[in-house]
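Colleague: Listed here are the chains, written in short residue letters.
Number of protein chains: 4
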Amino acid sequence: MRMNAKQYEESLRKLNLNVYMFGEKIENVVDNPIIRPSMNAVAATYEFSLMPEYEDLLTATSHLTGKTINRFCHIHQNTEDLVKKTKMGRLMGSLTGCCFQRCVGMDAINALSMTTYDIDAKYDTQYYERFNKYLGYVQENDLTCDGAMTDPKGDRSLPPHKQSDPDMFMHMVDQTPDGIIVRGAKAHQTGAVNSHEIIVMPTISMREQDADYAISFALPSDADGITYIMGRQSCDARKLESGQLDRGNRIYGGHEALVVFDNVFVPWDRVFMCREYEFAGQLVEQFASYHRQSYACKAGVGDVLIGAAQVAAEYNGAQKASHIKDKIIEMNHLNETLFCGSVACAALGHKEPSGTYLVDTLLANVCKQNVTRFPYEIARLAQDIAGGLMVTLPSEADLRSKEVGPLVEKYLKGNADVPTEDRMKILRLIENLTLGTAAVGYLTESMHGAGSPQAQRIMIARQTNMEAKKKVAKKLCGIDPE
Amino acid sequence: MRMNAKQYEESLRKLNLNVYMFGEKIENVVDNPIIRPSMNAVAATYEFSLMPEYEDLLTATSHLTGKTINRFCHIHQNTEDLVKKTKMGRLMGSLTGCCFQRCVGMDAINALSMTTYDIDAKYDTQYYERFNKYLGYVQENDLTCDGAMTDPKGDRSLPPHKQSDPDMFMHMVDQTPDGIIVRGAKAHQTGAVNSHEIIVMPTISMREQDADYAISFALPSDADGITYIMGRQSCDARKLESGQLDRGNRIYGGHEALVVFDNVFVPWDRVFMCREYEFAGQLVEQFASYHRQSYACKAGVGDVLIGAAQVAAEYNGAQKASHIKDKIIEMNHLNETLFCGSVACAALGHKEPSGTYLVDTLLANVCKQNVTRFPYEIARLAQDIAGGLMVTLPSEADLRSKEVGPLVEKYLKGNADVPTEDRMKILRLIENLTLGTAAVGYLTESMHGAGSPQAQRIMIARQTNMEAKKKVAKKLCGIDPE
Amino acid sequence: MRMNAKQYEESLRKLNLNVYMFGEKIENVVDNPIIRPSMNAVAATYEFSLMPEYEDLLTATSHLTGKTINRFCHIHQNTEDLVKKTKMGRLMGSLTGCCFQRCVGMDAINALSMTTYDIDAKYDTQYYERFNKYLGYVQENDLTCDGAMTDPKGDRSLPPHKQSDPDMFMHMVDQTPDGIIVRGAKAHQTGAVNSHEIIVMPTISMREQDADYAISFALPSDADGITYIMGRQSCDARKLESGQLDRGNRIYGGHEALVVFDNVFVPWDRVFMCREYEFAGQLVEQFASYHRQSYACKAGVGDVLIGAAQVAAEYNGAQKASHIKDKIIEMNHLNETLFCGSVACAALGHKEPSGTYLVDTLLANVCKQNVTRFPYEIARLAQDIAGGLMVTLPSEADLRSKEVGPLVEKYLKGNADVPTEDRMKILRLIENLTLGTAAVGYLTESMHGAGSPQAQRIMIARQTNMEAKKKVAKKLCGIDPE
Amino acid sequence: MRMNAKQYEESLRKLNLNVYMFGEKIENVVDNPIIRPSMNAVAATYEFSLMPEYEDLLTATSHLTGKTINRFCHIHQNTEDLVKKTKMGRLMGSLTGCCFQRCVGMDAINALSMTTYDIDAKYDTQYYERFNKYLGYVQENDLTCDGAMTDPKGDRSLPPHKQSDPDMFMHMVDQTPDGIIVRGAKAHQTGAVNSHEIIVMPTISMREQDADYAISFALPSDADGITYIMGRQSCDARKLESGQLDRGNRIYGGHEALVVFDNVFVPWDRVFMCREYEFAGQLVEQFASYHRQSYACKAGVGDVLIGAAQVAAEYNGAQKASHIKDKIIEMNHLNETLFCGSVACAALGHKEPSGTYLVDTLLANVCKQNVTRFPYEIARLAQDIAGGLMVTLPSEADLRSKEVGPLVEKYLKGNADVPTEDRMKILRLIENLTLGTAAVGYLTESMHGAGSPQAQRIMIARQTNMEAKKKVAKKLCGIDPE
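Line by line, the protein sequences give chains D, W, Y and A. Per my numbering, the first sequence runs over residues 948 to 1429. Per my numbering, the second sequence runs over residues 948 to 1429. Per my numbering, the third sequence runs over residues 948 to 1429. Per my numbering, the fourth sequence runs over residues 948 to 1429.
Derived by calculation from the structure, the hints in this document are not laboratory data. Check each hint, because a few of them may be wrong.
Note that identical chains are pooled: a pair holds if it fits in a single copy or bridges any two copies.
Derived lysine-lysine pairs resembling DSBU-like cross-links, with alpha carbons at most 35 Å apart [to be verified]:
1) Lys-1298 <-> Lys-1349
2) Lys-1418 <-> Lys-1349
3) Lys-972 <-> Lys-1349
4) Lys-1357 <-> Lys-1109
5) Lys-1080 <-> Lys-1349
6) Lys-1272 <-> Lys-1349
7) Lys-961 <-> Lys-1080
8) Lys-1186 <-> Lys-1109
9) Lys-953 <-> Lys-1422
10) Lys-1298 <-> Lys-961
11) Lys-1100 <-> Lys-1080
12) Lys-953 <-> Lys-1357
13) Lys-1357 <-> Lys-1418
14) Lys-1014 <-> Lys-972
15) Lys-1357 <-> Lys-1014
16) Lys-1357 <-> Lys-1422
17) Lys-1109 <-> Lys-1034
18) Lys-961 <-> Lys-1267
All figures in this text were calculated on a predicted structure; none of them were measured in a lab.
Given these sequences and hints, build the entire structure.
Modeller: Below, the structure is given as structure tokens:
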């Protein structure tokens, strides 16, 4: 049964999560002022899916049940599904202006739908059926899943089993007739405390000696032994202030957490890989390819930033200057180029043996590589258009002050038809997106999310057919290509 | 009936073209050593279409007759057709390493299939039927068409009817019961003298006073009154030399010509627009959008250049240096980003009233805008990898010389397993693509073909929905969007 | 008499400034935790000038008195002085990692030393002598001056006298035998509340009708009628937290303020321009040229960021990866390119009629234009090297917590020889410089300080000798240059 | 005695050079149409030095004799000399629009003036005195010297003594009481056949086993056993055509040659290093640093290209479009940024033990690194502004033809006040600089001359004080720097 925003919020209240922030345990996660905006963003994936104008993108037909489900719980059945996923990401990014967190679970279930199938094909195991049962549960209950991949990794030059601390990668520490016991941590977990489920995957390719690290499984987010330590973000404390103006984005936000698993029990029916180490790399690559496609969301956030820059230019009275118009064009050009990469890898997707459609992996990496560059340039141009006032603006409290409020009103007036307060609001939004809490998602996460730039470059090198290119070159200049 | 390369060549021999080059009339166009490589490139569009490994991309099923035709004569019936067009362009670019010229006619017939339909819908004219009859003739005979759009334009600040010389834009100078008489010229005509047909379109939007300039029609390329003046290219004279090595690309090339129409008669059944000035802009935009998509071909030429750079690195013994590997990755990344734009605008194409599928025009412009930038950077990186020898290499004649040949052999040896001659060949190919005849197509034509960069920027500005972006921005920061 | 840091701090305590922040009047400015780091940065210009290793750059010999003075109070006497100014800026930037605020006053006095001289030359006024007396006072007392140029400007399409609110530009509202009464505001005033003096200059070129706006003068920063409203910065509230780690830079910072002048009286001996409107533009251009040179400081801040990125790479165990080394090289390359611009405009400086040396104004604009670009790319590369942990790091309070501190310690360990706390410290410094309080100075101020990018482009266009370039081009290709 | 252009030409006629081009021996080098433009460019360094308006930059006072000499023969005595060298390079680049070739000899003598001194200081040899005697001869006779550094290098992964062909690096094959016998080759020798002298230096750092390769010496360019094989350039054959228009630059050009030394005898008084292998690296680095500074010349060529682009825009009637103006600004900005690097490394130069002034080597590398990038972008922008006509223009012969000349005249008219021929001339100049013979110097030589980009990056890494940067970063965030 699909949930609306209210129902989603209520479902979270029922969880018994062990969350820490600023050194304190948080008793009421849902209402915590720093976390709440990120909950709002996930809630939007529920709410908007119920609106007629968005349902084509935000819902799909389950291949398991034929029922209409939230697309975030869907297994892609054709390239049209993949293209709709791209469009959904951009739409949600533009509606929330931040990271809405729910795509990572979608990418995890799609990757697992292929890898579990492939493991079974080789080892005659039962992972695929087990996974589908779990998937049915997720779809039926319209759950938000955290797809957890990134381990702390410790010394990056060593494989898991050579680390001085064996917990630097998630691993199985014991096995019982009922299930396995796991230990380790996952870092940078986007939307972790807004999730019902956490789906764990390995973080790198592995060899035989790392077999205990080659595990994948799902757990309820409030399973015994899981601790969440919230990461802090630039300007996070502004959410604790009484006014709203200085937050920039008043409604939505994102969060990341360090998630620690201290000898946590996983029953067998939630284990999707267990020591099949030669499939760890495949799962990583497939998840990564999907997740690199998912960065179409940044084109949506880019839409917000471009819109904000245009509004700021109008409020500054500068919108007709040719250099301003040209910068807006450049921002749009870069933003659409990002989008093209995500569309292209979707449109050229193909069917894997399990029946799931996978994006073109070369182009998915190309897409993400551009995402590590263009948002920074778009942000730079937005700051250019916004003007220096964006970082020298007095606080909302000054605007409300009896003594200095009238001075702020008077002297920070731009276009005479626009209230000074509106000018402050739009500049605070640009600050939010280029320096504040949303910059974490729009910039740094664009850099490192779904793999840092060098990870994509390695994949681009691997997936390019250089022999074919060398052959045509040799032929054209008359070198015998042997 | 589809032609093979031989048949195509023979069909050209039957034409009676009036061609000038270096101030002389060319009696035998097909065998002229400067023109021939460009003929070879068009011939390749015939030859490869007959090969099983390429026929999926290079052929299509005519919506008029149901017959298998060369895709260059096809009207796109769905987005799959559009995506295949993108792939065909890249394929042909990689097989020829140059401009193969035939896409411009394909883009012209597709644009005309929509505009003629739309004119009829408004004026109850018969253009669409007339056009389809002409199209049937083109498809049946597997003809190469030059799509001719760019007028000389004279003083760019004035509309056609205000030019001091009325011929600076193609116009109708007279009209008879049998047809119209036209006068003017088309500049930069790619592949003009390799074409059977020339399809003329207006070059800009027009108003009522320019109605005589709002004309579109097709003519056999050897119609009375048409004169071709060949443009010269960087390093063109190397094709006149006895050896082949210094040409770089030994087989293929491109050409452009200035085509002058001196009171040429066009029978009515070949006239597709005649004074319906308000459709001139639409035809230009639709043709331009298709043609901007067509620049996927440059990703194919990029494949050749990347392959050549890799071969050069290997011949230099430098292929394992990390900076070389990284530059190859960057070249591939940029090249695939180009490709993504063309795929994306195709995948998001839509059906127009006539039934023809049109690309997403915003993304087609984004695609072409990147084409005005990335090939230059790819070329720069190729020159970096190639090394300075690329421009200080002695001539083939020196290599063949009794006196200095052995010195060239000895001192220009790189990797000991590679003949010096092969090293020279690959460096000459890189020279060809970055400075020589092919640089005209890979660089300058990438800049200006299908419209100069600023033309795309204007379209990006027009086709972006800024109001929607402003609205989401305002909403998120709490400004009442009215 | 030169002051040390302590004496400087004490001198500030004696001021009676009217400062507001977060809607409240600040009674103790010097000890305010948000302002204090910026005071520390100015104090450093005093303290380091007394150290033997820095005195060559940080001191100079007064041309008025022959005494050794702080270079920030010096009038440049030769190109060596100008080059030392460039080096001083970089040095101070690297020692503080932020904006040290004092250069703006130096640039104001140097510009005024020329313009007052030139006004006198035309009008036989006494501004130059008056200014020199004031300068002697500043030098003798080693004062920090705020050079105040930027007016709020209101509707940017209108000149001062056409604004609906006449106060949108600073202007003289009355004149008495003793002095003038002024009214208006100056925005974005860097280091305003750390200054003893505020030196006001016009913000644009002016015409006769704007004569009342063509004023320049100096006031003690605590003159009656001046109100300071502090601008807030990204992450400013972290300075209110108990721990220090999350601040990044523990010692130094910057600030900007909106400074409002409500009918403030200026005695004649502090008035340096009064209605000589045709000199307003010159003063603006000369100040701007000096101030654009001053952005060599960002190369110093860049030194800190590059050093921090290198440390982070070492702590991550990634410093030997070739892509990391290459990114560090690129950061250095861009940073030194910035520096080259400032050195070059200094080395090619020249003597103005007053005897003051002025930088090459074309190259000063070129320098600043690069500053609007490269720090953003350096920051992007720093975030790339730092890794995503930079924005998902738990708070210092989590590290100190009994419950989760050990988990943070354990799981955020990188290089085994480095305490997790040190890793957190260096990542927080990178956050500070790329998203936090220092990003305001390193990025947005680099964009807009001393004029926004378009201002430099206009100057580059004006100061380039295009006729000379056209002439050589025409000559070489055989066009008669008339 | 200083020569004028005529005298220089006559002096070349007296040489008995062994030159091959296109497989043929050239009997009359000076009048060869392909070589002559490059001779003209060197001649310009003589001619302009005699003009009052240029003599301040183009002449200097010999530190040996106190006489006025051509600056190209001068040893830099202070930073003012270094800055004048930068300005001279830009001036000559702008006057010739190409590589004027003579700087490489200047850089060689300056580097040798330091290294010979330093070898003597260590080994009590007599190189410095010997070198100064030679220098006196060069200065007295106003000679053009080729500074020859780049060996063919064969397999790049092997040191000289390990090459399968021992001649892949220049080496001493025998030694007599009178001198040494050398064998090997130098590649990419700019201006080789326009030189009176050839000064040979090693190409890399060397170890003891390579001692026979650690040699430096000077020879008359027509010494027995030296053979020159001319490199061919893009569009070189246009110089053989009867018209001049299509050449672009009618007067000047450059050339490179492969220079082979077949057992050539060098008398001892012309030997400047002989087996002092540990100084090979120093000589390379010092020469390279000077030569990287020398790339200020490309800012001069950039002046020509910017001027040509502006003229083309005016002839196209497009000069008032804001995007055109902005592109011209960008070209100027990049061009001046190049220049800043060369000025800065000169202004921050220092005195070496020999008394010669050396540039700041870090900044010289930064300068050259930018030269490997910006000319390509300037060229791209020039092609953007020029329009596609630049590569589709008919030949001069077409313009002169009775049949089609009038059509070319008529249809290629832009601005009505400008003869079509002038429009063709300026477009051919832009073609020359971006694709033709001058592109070899402006682009590819900018990439590889004085060391390929990676060579500069290695030097930037070596010469940056990373420890200092790490220290300030650690201090600011509270890490104990030990």
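Colleague: Okay, which hints does this one fail, numbers in order?
Modeller: 1, 5, 6, 8, 10, 12, 14, 15, 17 and 18
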